[in-house]
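Student: Residue strings, one per chain:
There are 2 protein chains.
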Amino acid sequence: MSDDLQKELGVVRDEIDAIDAQLLELLNRRARCAQQVGEIKARHGEAGFIYRPEREAQVLRRIQGLNPGPLSNENVTWLFREVMSTCLSLEQPLSVAFLGPLGSFTGSAATKHFGHAARLLPQSSIDDVFREVEAGHAHYAVVPVENSTEGAVGRSMDLLFSTPLKICGEVVLRIHQNLMTREPSLDRVTKVYSHAQSLAQCHEWLNRNLPNVPRISVGSNSQAAELAMQEAGAAAIAGEAAAERFNVPILVANIEDEPNNTTRFVVLGRFDAGISGRDKTSLIMSAPNRTGSLHNLLLPLAEAGVSMTRLESRPARHTLWEYVFFVDIDGHRDEPKVAKALAELQQQAAYLKVLGSYPAAVY
Amino acid sequence: MSDDLQKELGVVRDEIDAIDAQLLELLNRRARCAQQVGEIKARHGEAGFIYRPEREAQVLRRIQGLNPGPLSNENVTWLFREVMSTCLSLEQPLSVAFLGPLGSFTGSAATKHFGHAARLLPQSSIDDVFREVEAGHAHYAVVPVENSTEGAVGRSMDLLFSTPLKICGEVVLRIHQNLMTREPSLDRVTKVYSHAQSLAQCHEWLNRNLPNVPRISVGSNSQAAELAMQEAGAAAIAGEAAAERFNVPILVANIEDEPNNTTRFVVLGRFDAGISGRDKTSLIMSAPNRTGSLHNLLLPLAEAGVSMTRLESRPARHTLWEYVFFVDIDGHRDEPKVAKALAELQQQAAYLKVLGSYPAAVY
Chain Z
1 MSDDLQKELG VVRDEIDAID AQLLELLNRR ARCAQQVGEI KARHGEAGFI YRPEREAQVL
61 RRIQGLNPGP LSNENVTWLF REVMSTCLSL EQPLSVAFLG PLGSFTGSAA TKHFGHAARL
121 LPQSSIDDVF REVEAGHAHY AVVPVENSTE GAVGRSMDLL FSTPLKICGE VVLRIHQNLM
181 TREPSLDRVT KVYSHAQSLA QCHEWLNRNL PNVPRISVGS NSQAAELAMQ EAGAAAIAGE
241 AAAERFNVPI LVANIEDEPN NTTRFVVLGR FDAGISGRDK TSLIMSAPNR TGSLHNLLLP
301 LAEAGVSMTR LESRPARHTL WEYVFFVDID GHRDEPKVAK ALAELQQQAA YLKVLGSYPA
361 AVY
Chain V
1 MSDDLQKELG VVRDEIDAID AQLLELLNRR ARCAQQVGEI KARHGEAGFI YRPEREAQVL
61 RRIQGLNPGP LSNENVTWLF REVMSTCLSL EQPLSVAFLG PLGSFTGSAA TKHFGHAARL
121 LPQSSIDDVF REVEAGHAHY AVVPVENSTE GAVGRSMDLL FSTPLKICGE VVLRIHQNLM
181 TREPSLDRVT KVYSHAQSLA QCHEWLNRNL PNVPRISVGS NSQAAELAMQ EAGAAAIAGE
241 AAAERFNVPI LVANIEDEPN NTTRFVVLGR FDAGISGRDK TSLIMSAPNR TGSLHNLLLP
301 LAEAGVSMTR LESRPARHTL WEYVFFVDID GHRDEPKVAK ALAELQQQAA YLKVLGSYPA
361 AVY
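Chains as they are written, first to last, in the UniProt record's numbering: chain Z, 1 to 363; chain V, 1 to 363.
Everything labelled a hint here was simulated from the structure, so no lab data went into it.
A hint or two may mislead.
Identical chains share a label here; the pair holds if one copy fits it or two copies do between them.
Stated by the list, open to error - Mimicking SDA-like on lysine to any residue, the simulated pairs with C-alpha atoms at most 25 Å apart in a straight line are: (1) K340 / E146; (2) K112 / E74; (3) K337 / L251; (4) K112 / L24; (5) K112 / T77; (6) K7 / R310; (7) K340 / W205; (8) K340 / R32; (9) K7 / R52; (10) K337 / V252.
With the sequences and hints as input, model every part of the structure.
Tutor: Set out below in structure tokens:
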């Protein structure tokens with residue numbers, strides 16, 4: 001390196017060193033504050049409530065609002081996520097059960113929500129994830145609920161119906177689809193494997209780029225990736241993690257038609273969350289089976305001016321009703337407007353279960 | 001929550017908010033400095049050298065020296081690792097090939113060294129890891145070299161012999177062994193599977209706790225975990241990642257006899273590192289096959305006062321010499337004392353390859 005370069009770099013590096021010393025001081029002051037929070041709560045008999053989802057959401061939203069750049073909001077949210085996770089772990093290390101393996105989309109969601117200091121406990125089925133938390137072996141669970149790629153939604157919803165656990169958070173993860181194959185170019189691809197939902201997500205891309213190649217629907221994207229590795233001429237559509245797991249080269253990345261292809265996960269614990277200022281509430285309802293009953297059922301929400309962000313019907317099992325409805329609404333169950341609408345719903349619905357109120361996903 | 005509690009918490013939370021605003025400001029100032037470093041290097045035609053292993057090691061060591069607590073040195077090193085990783089990714093996102101799958105010990109080592117912002121590329125063999133970087137598909141490789149649990153050392157060493165890549169870093173990872181089984185208690189365990197090295201690491205624990213139970217050596221700890229999941233009465237000794245991968249409950253954690261059970265990895269890239277102030281240099285040497293030749297070979301090091309931290313001999317393949325020696329020494333090849341010793345060695349040895357100089361592991 002030239003002397004000039006060394007000198008110029010030296011100036012900037014001295015500045016970085018000065019910044020780092022300040023950062024270090026502040027991080028430790030923050031950790032002492034977190035300890036004080038723990039002490040105060042212990043003195044008031046609330047030692048079990050060190051992790052407060054609504055408070056974490058507020059901190060992260062505030063950071064995003066203040067962020068001047070050049071770090072992106074995603075960058076700073078991640079860094080503060082890690083700072084909070086580390087400070088919290090001094091007080092109460094959290095354990096999180098999720099649908100494994102490590103490296104799965106759900107694992108990414110768990111880390112995105114709880115940070116690196118949480119202990120991740122991968123489970124081999126969604127049933128096991130619920131069971132681990134219900135049995136007290138883990139503090140929190142993370143499961144997919146609206147999963148555009150793995151088809152796991154149904155099971156999560158069935159288990160939400162019967163679990164005593166509460167939803168205390170949501171995580172939204174951007175999902176990219178990739179065409180992976182051992183072949184060196186598209187013209188060597190003779191079939192494409194994927195889960196039906198993933199094939200549908202890349203429908204237009206396939207029409208344009210592989211118009212005459214058969215599309216074969218298989219049970220999961222992981223299975224598709226495995227087949228692509230084994231069979232000459234085969235390609236799979238799957239996420240990056242599957243390409244990594246089965247060591248199949250990605251030929252074309254990000255082929256999803258919809259640029260905003262996401263999967264939504266919920267975080268479950270023994271309690272739901274307090275009011276954060278931008279919250280959602282999830283419900284399960286059912287109506288007696290007559291025409292127009294759904295409309296009547298939803299009327300209290302409309303009249304109270306509560307917006308619905310999701311409505312999904314699902315054939316009921318082991319119940320008196322033919323359908324159950326999964327409904328997400330804006331607002332917290334403790335906000336007067338929402339509380340009033342829920343009281344009305346309680347009157348109307350044959351069955352109503354409030355799954356929990358929680359901060360809307362922060363990033 | 002009581003009003004008192006709310007009020008007390010409010011005071012501390014206000015302080016945290018103030019700290020966070022300062023942290024945010026400093027993090028962005030740091031990112032701007034990192035951008036300046038990039039601009040300065042580009043102006044001097046060194047745009048490819050944004051990542052400097054020796055500089056990162058210096059920053060982390062300084063942080064550890066300044067850290068007042070309550071955050072542990074491990075906590076703050078991790079947080080600054082993430083801060084640097086994020087700042088660097090604005091300039092030059094790094095890709096890192098490693099021995100997969102995700103969740104393996106080597107994956108943990110890669111994240112420990114490069115932070116979360118690096119792109120991890122798991123490979124299914126050590127050969128593939130080297131190849132990815134040699135072919136320019138990844139910037140860096142992470143491979144185990146002294147692996148007390150997976151028996152992968154040999155292949156790494158053979159490939160180090162022939163690769164044009166240079167060692168630019170090392171990572172030391174604490175490895176815990178665990179007894180995992182589907183059985184509810186130790187008295188139900190009728191056999192223990194593990195890799196021979198892992199059985200050896202837990203020899204005393206097994207003598208004390210499972211004295212009459214047969215120990216069966218298998219090819220890898222992963223395989224042992226899989227068998228423990230399949231066979232009634234079977235237990236495995238393996239790391240946490242294997243328990244997670246095969247969903248076998250851990251019955252007793254941290255059963256290794258040696259409390260300092262670690263695995264050492266090296267980071268490989270196209271260039272080695274500059275002087276960081278606390279460095280190592282790795283060499284491969286061979287001697288003509290005569291008695292006393294190893295002693296003669298090492299004499300220049302002893303005379304120059306250079307300490308050896310590791311010496312390992314390995315039967316040579318495809319070479320004229322019967323043995324090659326893998327030697328790690330303290331110090332950087334550009335330090336006069338080391339440079340002089342290496343020049344002497346060059347005279348004495350039938351073959352000498354300097355694999356690289358790099359900062360000693362920081363945490």
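Student: For each hint given before, does the structure comply? Return the numbers of the non-compliant ones in rising order.
Tutor: 1, 3, 6, 7, 8 and 10
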